[in-house]
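Chains as they are written, first to last, in my numbering: chain E, 1 to 351; chain F, 1 to 507; chain H, 1 to 328.
Don't read these hints as lab results, they were simulated from the structure.
Any given hint could turn out to be false.
Simulated pairs of lysine to any residue, SDA-like, Cα-Cα distance not exceeding 25 Å [what the hints assert, rightly or not]:
(1) 399/F <-> 338/E
(2) 49/F <-> 105/F
(3) 290/E <-> 263/H
Here are a few chain F residues that face chain H, going by a calculated C-beta distance under 7 Å [what the hints assert, rightly or not]:
(4) 15
(5) 59
(6) 75
(7) 78
(8) 81
(9) 90
(10) 94
(11) 104
(12) 107
(13) 113
(14) 114
(15) 138
(16) 142
(17) 145
Even for Gly, the Cβ is constructed at its ideal location relative to N, Cα and C.
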Amino acid sequence: MSGPSLGPAADGALVDESRLIRADLSPGKRLAALALKWESLLFLIFVAMMAANSLLSPVFLDPANLLDATFNFTEKAIIALPMIFVILCGDMDISVASIISISSLFMGMSSASGAGTTAIVLVGLGVGLAAGLFNGLLITRLDIPAVAVTIGTMSLFRGVSNAVLGDQAYTRYPASFGELGQGYAVAGLVPWQLLVFAALAAAAALVLNRTVFGRYVYAIGNNKTAARFSGVPVQDVRLAVFAATGLLSGLAAVLLTSRIGSTRPDIASGWEMDVITSVVLGGVAITGGKGNVGGVIIATFLLGYLRFGMGVMNVPGKVMNIITGALLIVAILLPRAIETLRRRALLGGRA
Amino acid sequence: MGQTILEMRGVSKFFPGIKALEGVDFSMRSGEVHALIGENGAGKSTLVKVLTGVHRPSSGELLFKGEALELRDPTDARRAGIAAIHQDASMFPDLTVAENVFSGHLLRGRAGLLDWRAMRERARELLRRVELEVPPDALVRELSVAERHLVGIARALSEDASLVIMDEPTSALSLREARDLFRIVRQLRDEGVAILFISHKFDELFEVADSYTVLRDGRYVGSGAMRDATVDSLVRMMAGREMGQLFPERPALEGAAERPAALSVEGFSRAGTYRDVSFELRSGEILGLFGLVGAGRSEVLRSVMGLEGRDSGTVKVFGREARIRGPRDALKLGMALVPEDRQAQGLILEMAIGANVTLPQVADLAKGPFLNPAAEAELTKEYGSRMEIRAAGWGENAKNLSGGNQQKVVLAKWLATEPRILILDEPTKGIDVGTKAAVHAFVADLASKGMSIVMISSELPEVLGMSDRILVMHEGRVAALFDRADADEDSVMRAALGADEERGAAS
Amino acid sequence: MKELLKRAAKRKEATLVLLFALLCALVSLRAPSYLSGKNVNTIANDSALLVIASLGQFLVILIGGIDLSVASNIALVGMTMSLANVAFPGLPAALLLPGGSAMGAATGAFTGLLVAYGGLPPIIASLGTQCIYRGVVYLVLKGSWVTATKMSPGFLALPNTPILGVSSMVWIAALAAAAVIVFMRYTASGREVYAYGGNKTAALFAGVRSRKVEILAFVASGALAGLASVLWVSRYGVAQSETAAGFDLQTVAACVLGGVSMSGGSGAAIGVAIGALFFGAINNALTVVRLSPFYQMALQGFVILFAIVSNTLIDRRNQMKLAARRSV
Numbered sequence: 001m002s003g004p005s006l007g008p009a010a011d012g013a014l015v016d017e018s019r020l021i022r023a024d025l026s027p028g029k030r031l032a033a034l035a036l037k038w039e040s041l042l043f044l045i046f047v048a049m050m051a052a053n054s055l056l057s058p059v060f061l062d063p064a065n066l067l068d069a070t071f072n073f074t075e076k077a078i079i080a081l082p083m084i085f086v087i088l089c090g091d092m093d094i095s096v097a098s099i100i101s102i103s104s105l106f107m108g109m110s111s112a113s114g115a116g117t118t119a120i121v122l123v124g125l126g127v128g129l130a131a132g133l134f135n136g137l138l139i140t141r142l143d144i145p146a147v148a149v150t151i152g153t154m155s156l157f158r159g160v161s162n163a164v165l166g167d168q169a170y171t172r173y174p175a176s177f178g179e180l181g182q183g184y185a186v187a188g189l190v191p192w193q194l195l196v197f198a199a200l201a202a203a204a205a206l207v208l209n210r211t212v213f214g215r216y217v218y219a220i221g222n223n224k225t226a227a228r229f230s231g232v233p234v235q236d237v238r239l240a241v242f243a244a245t246g247l248l249s250g251l252a253a254v255l256l257t258s259r260i261g262s263t264r265p266d267i268a269s270g271w272e273m274d275v276i277t278s279v280v281l282g283g284v285a286i287t288g289g290k291g292n293v294g295g296v297i298i299a300t301f302l303l304g305y306l307r308f309g310m311g312v313m314n315v316p317g318k319v320m321n322i323i324t325g326a327l328l329i330v331a332i333l334l335p336r337a338i339e340t341l342r343r344r345a346l347l348g349g350r351a
Numbered sequence: 001m002g003q004t005i006l007e008m009r010g011v012s013k014f015f016p017g018i019k020a021l022e023g024v025d026f027s028m029r030s031g032e033v034h035a036l037i038g039e040n041g042a043g044k045s046t047l048v049k050v051l052t053g054v055h056r057p058s059s060g061e062l063l064f065k066g067e068a069l070e071l072r073d074p075t076d077a078r079r080a081g082i083a084a085i086h087q088d089a090s091m092f093p094d095l096t097v098a099e100n101v102f103s104g105h106l107l108r109g110r111a112g113l114l115d116w117r118a119m120r121e122r123a124r125e126l127l128r129r130v131e132l133e134v135p136p137d138a139l140v141r142e143l144s145v146a147e148r149h150l151v152g153i154a155r156a157l158s159e160d161a162s163l164v165i166m167d168e169p170t171s172a173l174s175l176r177e178a179r180d181l182f183r184i185v186r187q188l189r190d191e192g193v194a195i196l197f198i199s200h201k202f203d204e205l206f207e208v209a210d211s212y213t214v215l216r217d218g219r220y221v222g223s224g225a226m227r228d229a230t231v232d233s234l235v236r237m238m239a240g241r242e243m244g245q246l247f248p249e250r251p252a253l254e255g256a257a258e259r260p261a262a263l264s265v266e267g268f269s270r271a272g273t274y275r276d277v278s279f280e281l282r283s284g285e286i287l288g289l290f291g292l293v294g295a296g297r298s299e300v301l302r303s304v305m306g307l308e309g310r311d312s313g314t315v316k317v318f319g320r321e322a323r324i325r326g327p328r329d330a331l332k333l334g335m336a337l338v339p340e341d342r343q344a345q346g347l348i349l350e351m352a353i354g355a356n357v358t359l360p361q362v363a364d365l366a367k368g369p370f371l372n373p374a375a376e377a378e379l380t381k382e383y384g385s386r387m388e389i390r391a392a393g394w395g396e397n398a399k400n401l402s403g404g405n406q407q408k409v410v411l412a413k414w415l416a417t418e419p420r421i422l423i424l425d426e427p428t429k430g431i432d433v434g435t436k437a438a439v440h441a442f443v444a445d446l447a448s449k450g451m452s453i454v455m456i457s458s459e460l461p462e463v464l465g466m467s468d469r470i471l472v473m474h475e476g477r478v479a480a481l482f483d484r485a486d487a488d489e490d491s492v493m494r495a496a497l498g499a500d501e502e503r504g505a506a507s
Numbered sequence: 001m002k003e004l005l006k007r008a009a010k011r012k013e014a015t016l017v018l019l020f021a022l023l024c025a026l027v028s029l030r031a032p033s034y035l036s037g038k039n040v041n042t043i044a045n046d047s048a049l050l051v052i053a054s055l056g057q058f059l060v061i062l063i064g065g066i067d068l069s070v071a072s073n074i075a076l077v078g079m080t081m082s083l084a085n086v087a088f089p090g091l092p093a094a095l096l097l098p099g100g101s102a103m104g105a106a107t108g109a110f111t112g113l114l115v116a117y118g119g120l121p122p123i124i125a126s127l128g129t130q131c132i133y134r135g136v137v138y139l140v141l142k143g144s145w146v147t148a149t150k151m152s153p154g155f156l157a158l159p160n161t162p163i164l165g166v167s168s169m170v171w172i173a174a175l176a177a178a179a180v181i182v183f184m185r186y187t188a189s190g191r192e193v194y195a196y197g198g199n200k201t202a203a204l205f206a207g208v209r210s211r212k213v214e215i216l217a218f219v220a221s222g223a224l225a226g227l228a229s230v231l232w233v234s235r236y237g238v239a240q241s242e243t244a245a246g247f248d249l250q251t252v253a254a255c256v257l258g259g260v261s262m263s264g265g266s267g268a269a270i271g272v273a274i275g276a277l278f279f280g281a282i283n284n285a286l287t288v289v290r291l292s293p294f295y296q297m298a299l300q301g302f303v304i305l306f307a308i309v310s311n312t313l314i315d316r317r318n319q320m321k322l323a324a325r326r327s328v
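Isolated chain E (complex conformation):
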């Protein structure tokens, strides 16, 4: 369609079509921007933390040791992936740990009634998906804030486990089921879990950066109304995101239940805070629309190894919380402070 043109003839050099997505920056500026990027900063902190840990404890840097340590946080890291999407959409899901609980409950029940490993896994994933759909449907069909809904389902899902189990536990699982969460691959060195996480992280990055779905997620997080006016199926995307969060929480439940070999009602309690912390620390804006997978992966490993390193030095996990909390606060304060200073300098320069 050779349509009309607005105003006088185009003066050619207005635009450079090669820069569709990336901002217009010189190589030097691009390097500076990279250095100032949150991910880079996080990575530096990560390296410093690893260095400090290995100085304090010589056994820390042993590769087998480091790989084994990932068992302690891979399940959380798996849930952090869909949580990135949730928070990018401007939503919040604080029911993830409770989904683990209810999903593990049903796995325990099916195992007790004689189901095999495949069936148990399917039950775990299915219950997680159903729980996520339940959240998503309430949030999108009735248009209720996600925090409000998931506070409710957080109680409800774990409450069901409490009601069924009381002070009992399911502890009998088939031997092959136990392999899932504690097995190794690649010459018996790399935990299975870690490979699963790596695959999922790659998939998450791919979906977020290279697919229409990812584009929609960013559009929704930045401006729901404009997204809707542009034909973005806002509620369907959000529903899918909550469903995926449920499904991956179910997967985390499978791995965790397999690893610890039992289902208790307080399984994974408090995990939602750890997951949200690593997502926010990873540079995803709590207001939505900004952030990416890379930062969150670094943040998850940072927190995981910090906890592990302190564990090696016999520092209790509760004390670790102080550092987590402080990191969370500083993670948001710091960029803001830099921005404020920069703006002040800019204003001072212009006035």
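Using the hints provided, position chains F and H relative to the given structure of chain E.
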């Protein structure tokens, strides 16, 4: 007319990279209604924000009642006796009318506790003065827009304000409501209050204002008595040049009556918003849709596009009944809506120009689930260049663009879907005069190439200058339908104001 | 009068009161002792702590936030006050009540400062301070407990000294509720919280200082959590790092149940108090009808969801009625 109450001397306000106000001199007397005139972006709202203590001027001084006045925050302004009634967002919908009237200076009784009974009673008095019949205990959420404005005035009265700023107070009012408002405004003026009145509608400025000041590009252009001014003289001052032919020449549509309907809207109703709206858009015509804000124009078309619900009504696209559940369905039928509010509805400000332009059809351009950057770049380049979007690159965020360029991105985004039916909602709202003319020429050209266009507008000259036929809505109903030849300012305006309801039957 | 009744019926609290009555009636059918004076007293006692802490959470939710540090505040302040009691058993225990409030106000103010001056969203700021405060408790106690045997008798008697047949804890909760109700209804600062939560732009024009309101809300939340903490540790006779774990969500739940909108700006203190009492009544009902206490959490979740969904549907219906009333 009283003494000079307010004087601004050489007031400037700079933001990073923007000179919003530059050396503005401005003065007002008590007991006058003073019109502040200028295009969007001329600096009117910055001036208001300086006067209400939201912004502190970068330089210059303010004299109020003969004394230097320094405003650190909105409270200072209110204490000094300056009250503003903003066009939006100045009410607390979940609080009562009485509390809204006294917000910021709630009345206290014994022991410093709030005296609700006194507030209710005082509020009742004030409501009577502005002739508003609602109980002080009603929630503001339950009031109409016009009623909320009157609550705003009652609030200004409650503070004994000596300067009241009204920012586009009639933009959402019916004629009767506006007339009532003007009566109250004059009453205030006669009591010695100075009123700064901001409006884009010249007819009401001539009706209510005593004097005027014109701003352009953040600078003072001139002021004078309203009775010595004409529309032409004011427009000249606003635009800074003689206004020539504003609208493109358009020959009468050939064989208008025989042309098939591109879009037929039948029996649209939604409780509380519009009722029994039917019309036809002929192929290749520009159908102007005129009406005051709040007449239900945008709502009907948003419902046609499936963006909002309705209680009843059917849509036919090129003679075929269509079920449109949202913009994606509309797009497949060759329809596009360019929404009214660029920033809230049109753009994802934090995303690149390219990503904005391709958003409606990004799924169609994609290879399976994966984005197709090459196809996106091509489409962006084609329409971005045609619209002459001025930007450093297509990767630049939409938020860094000027208002006019943002509007071009929104237009490019929808034209890129190559629609056969285009709905434009206030396409020139808030754009400078030069770009406005360009948009008009562009739209006329699209129509001449066969596109069928519905143009919603609140500006009468635009509707009269551009349309083949004009559909007028009043309070949710179709009030009249004119051929271009039969339409003039007076008849269209009368229909929009509901002055002759019986014409509605003609459509 | 009719108008007044109509208005009352429109309020969300009305639905809650109806539900409450329904619950009482149903439970009484099975266990007539449920509404006996003794049991009502038990319900009041069991809900008192939740009433106090929820009223603080209420202010933070009103400004459109959420305070996740309520429970860890209770743990931190409760530990400090019980340690103070252990160290200075001669000090009148009643002094620890204002002491706890003051300390809670300070810890709350810290979160408030992060929100007001650091620009942190309330949920993140309080998540951060939650981790820190609970961590500090662990750091100080090194996992040990401050137990009743170390506390003074006066301290342990704080919550359950009867006054006119009702325990002091219930009196304190009632006083706190009355104070919050009066503050929110009859002081300019209280109204500013509503104004700010309802419409931030308009509040700015009305001269409301956003930072003041944000800090105020967190100070109130902290102070009430601090007050509750003293009663908590003295009632249960133990202070440890897990004290009140999970309590944050119960306070949020009480607010939601009380008709407070999670998006801020609307809700009433009296509703929150009733909501918290309702929780106490439900938990008590479980015991009375001999259901396992393990059902408590599931029921809580169900009640929260029910409240949110019904509030949403009521709002939506009101909105539609309003629209239909406007003449077209």
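Evaluation of the provided hints:
| no. | hint | verdict |
| --- | --- | --- |
| 1 | 399/F <-> 338/E | 21 Å, holds |
| 2 | 49/F <-> 105/F | 20 Å, holds |
| 3 | 290/E <-> 263/H | 22 Å, holds |
| 4 | 15 | 18 Å, violated |
| 5 | 59 | 24 Å, violated |
| 6 | 75 | 3 Å, holds |
| 7 | 78 | 6 Å, holds |
| 8 | 81 | 14 Å, violated |
| 9 | 90 | 5 Å, holds |
| 10 | 94 | 4 Å, holds |
| 11 | 104 | 4 Å, holds |
| 12 | 107 | 10 Å, violated |
| 13 | 113 | 4 Å, holds |
| 14 | 114 | 5 Å, holds |
| 15 | 138 | 9 Å, violated |
| 16 | 142 | 6 Å, holds |
| 17 | 145 | 10 Å, violated |
Checked against the numbered hints given earlier, this structure breaks hints 4, 5, 8, 12, 15, 17; the rest are met.
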